[in-house]
Amino acid sequence: HSGYRSPGEVLSLDSPGCIRSPEKWVMLGRLRGRTSIAEDMQINFLGQGGFGICCAAGADAHLFPPSVFSVPLEGRSTKMFLRGRPITMYIPSDFLNYEELRMELPTEKLKLDWVYGYRGRDCRSNLYVLTSGELVYFIACVVVLYHVQHRTQRHYLRHTDCVRCLAVHPDKVRVASGQMAGVDKDGKPLQPSVHIWDSSNLNTLLEIGQGSFERGVGSLAFSTADEGAYLCVIDESNEHMLSVWDCARGTKQAEIKSTNESVLTVEFNPQDSSNIITTGKSHVYFWTWSGSSLTKKQGIFGKYKKPKFIQCFVFDTNSDVLTGDSEGNILTWARVPADIRTLGKGAKETYQISKQTRAHEGSIFSLCLCRDGSVLSGGGKDRRLVRWSPSLSLLQEVEIPEQFGAVRTIAEGDGGELLVGTTRNALLRGSLAEGFRPIIQGHTDELWGLGTHPSRDLFVTCAHDRQLCMWDSGEHTLAWSTTLEETGLCADFHPSGKVVTVGFSSGRWVVLDTETQQVLSSYIDGNEQLSVVRYSPDGEFLAIGSHDNFIYIYSVEDSGHKYTRFGRCTGHSSFITHLDWSKDGKFIMSNSGDYEILYWDVAGGCKLLRNRFENKDREWASYTCVLGFHVFGTKSRLWGPWEPRHQCAFHAQRWPPYLHGGQGHQHLPVARGGRQPCPQPIPLFCLSLLPGCWGQHLKPVGGEEAKSHTPVW
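So for the sequence shown, my numbering puts the first residue at 735; every next one is plus one.
Watch out, some of these pointers could steer you wrong.
[Said to hold, decoys possible] For lysine-lysine, the following BS3-like pairs were computed, each having C-alpha atoms within a straight-line distance of at most 30 Å:
(1) LYS919 / LYS843
(2) LYS813 / LYS843
(3) LYS1296 / LYS813
(4) LYS991 / LYS1039
(5) LYS1350 / LYS843
(6) LYS1042 / LYS1015
(7) LYS922 / LYS906
(8) LYS991 / LYS1031
(9) LYS845 / LYS906
(10) LYS1015 / LYS1040
(11) LYS1317 / LYS1341
(12) LYS1031 / LYS1042
Simulated from the structure, these hints should not be mistaken for laboratory data.
Using the sequences provided together with the hints, build the complete structure.
See below:
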């Protein structure tokens, strides 16, 4: 049709203005069950004079020759729907036979290379040493095996939601990891479970508890006296169910409601697997397990002040129990026979407090029994790491530097070496005599901004913790970090690599020198948060996308050291979410929170290009926009109820043109531009996604679920 019609409007071939030449028709829809010639074709009007024709199943074949389905037509497009809204995307000219394209998945697959960060802020007992010499810990849905000497990582990736607890088998090879409940890509619930797996080859041996646990798995422990034959589990239900499982068969042996209060830890007695202890909010419970039954005795504090939380405990060399609490005390619980009058009503033996040791100012977060019989305690408020004799006499202490936070967990390595996880998401290595140095560091709050260096193996991240971090992806280390005045939400390097720009939550943005970390200049555009900053490929312009619906354009001089307001792009009806520059640095493509795809002529005065069809063949320097023809294949199967996050396409000269889409929940699909994605499940909650400058690495960053880590693929 020569004029504009509403989408979906149906006209007969005799309608005024209808183009009758079959050579100009394009098949864009599926065959429909219509028979009459008047209903054989459904005209899909797409705006700007373009249309598509859908042929009925009963139509005469000679009326619609094969050439009809492949001849290009100005304005031909495809369409997707988001929350009921049609999103029209124009098909590039080089897609001559779009409907006949084979939907092959690319043979290339992503392999997780490195995870930057450690989850210590809100988890406990999540650091262990394996016989291989590797440290094992978790962050988000990934269990990391890190060999410090070899500087290598391996990753267990079978979990479908966040891992919250770990336990290592007495053989120091098998590992149990428990995950939270979640939802799959279609929004269907995923039940929490425990994976028992072999750390030598990362093979899953058992998955237990599906349908038995509620909300998530909070604590785990293998038995020791019987060489790890059983596993006890505490779930996150209101009753915090305690269950015991056979590790060989994966069957439940016993289960009972423990308490409605928080339960923080669980352990078997290393000398007696029938004795289990749990601690948490204002309680210590001593359990006796026999067959399918579990009975308990509550620890009595008597003359000692009852603490608000008992956060950790260990068995000492005498099989007495040492508990660390929120009052800073270590309580020694000695095992005594039960009163004969209580036989049959609870645990046959119980524990009573025999000693109180004042250990820390503030909470004790971790206790560790060393191979020589000494005990290590880690404090929260005072950040002290203390070594005690078997009789709890103070032997040695050291204070963890404030920048790393308090002690969260302690593990003993080879040769007396100590590994310490901290509340500021760092892993430290060292000794009380020589001090500690960080081997893993990460952000401490939600991570939102990511930028890759244009020519070196470096990238920056910024987060709600107001830290701007520069990472060396070749050495897998933190190159430097600096504290920002406000929360950083987005970042980008100037093409020279000499400066980096960071956008804040207040509408302010700053330019920092990448060598000195000094702020060179500061600007304000609006009073709402900035969601994206992006330099043009030649470095002559800087585009800043804001939540006030505008894109601010600055001209750039002196390798990113001088900025002058050039103009403002006005036309979006909602906040800016993504933007990309054309390869020639003259045009911008942008997306908004209202699912708009707009194009702008920056060099021509920041003008809105209303004829979007004219941009269908434009080449883009990057493709981080989540809406558009080249990327819509990543949406069709995986978006479901999830909002679009970030994605990118590699440059053809560096890698084949594959698209990587961060889906906002656990999937990182890989696709050729404009085709169906490869729905390979990857444990990830992605808010930003960028290729490495060397073209073979991909960096996503997390949000609420992933919190503070950066995986590199």
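These are the hints, each one checked on the structure:
1. LYS919 / LYS843: holds (19 Å)
2. LYS813 / LYS843: holds (28 Å)
3. LYS1296 / LYS813: The given pair, whose Cα atoms are some 42 Å apart, is violated under the 30 Å limit.
4. LYS991 / LYS1039: holds (26 Å)
5. LYS1350 / LYS843: Distance ~28 Å between LYS1350 and LYS843 Cα, so the pair holds.
6. LYS1042 / LYS1015: holds (6 Å)
7. LYS922 / LYS906: violated (35 Å)
8. LYS991 / LYS1031: holds (13 Å)
9. LYS845 / LYS906: The given pair, whose Cα atoms are some 26 Å apart, holds under the 30 Å limit.
10. LYS1015 / LYS1040: holds (10 Å)
11. LYS1317 / LYS1341: Holds, because 18 Å separates the two Cα atoms, which is no more than 30 Å.
12. LYS1031 / LYS1042: Answer holds: LYS1031 to LYS1042 is near 19 Å, not above 30 Å.
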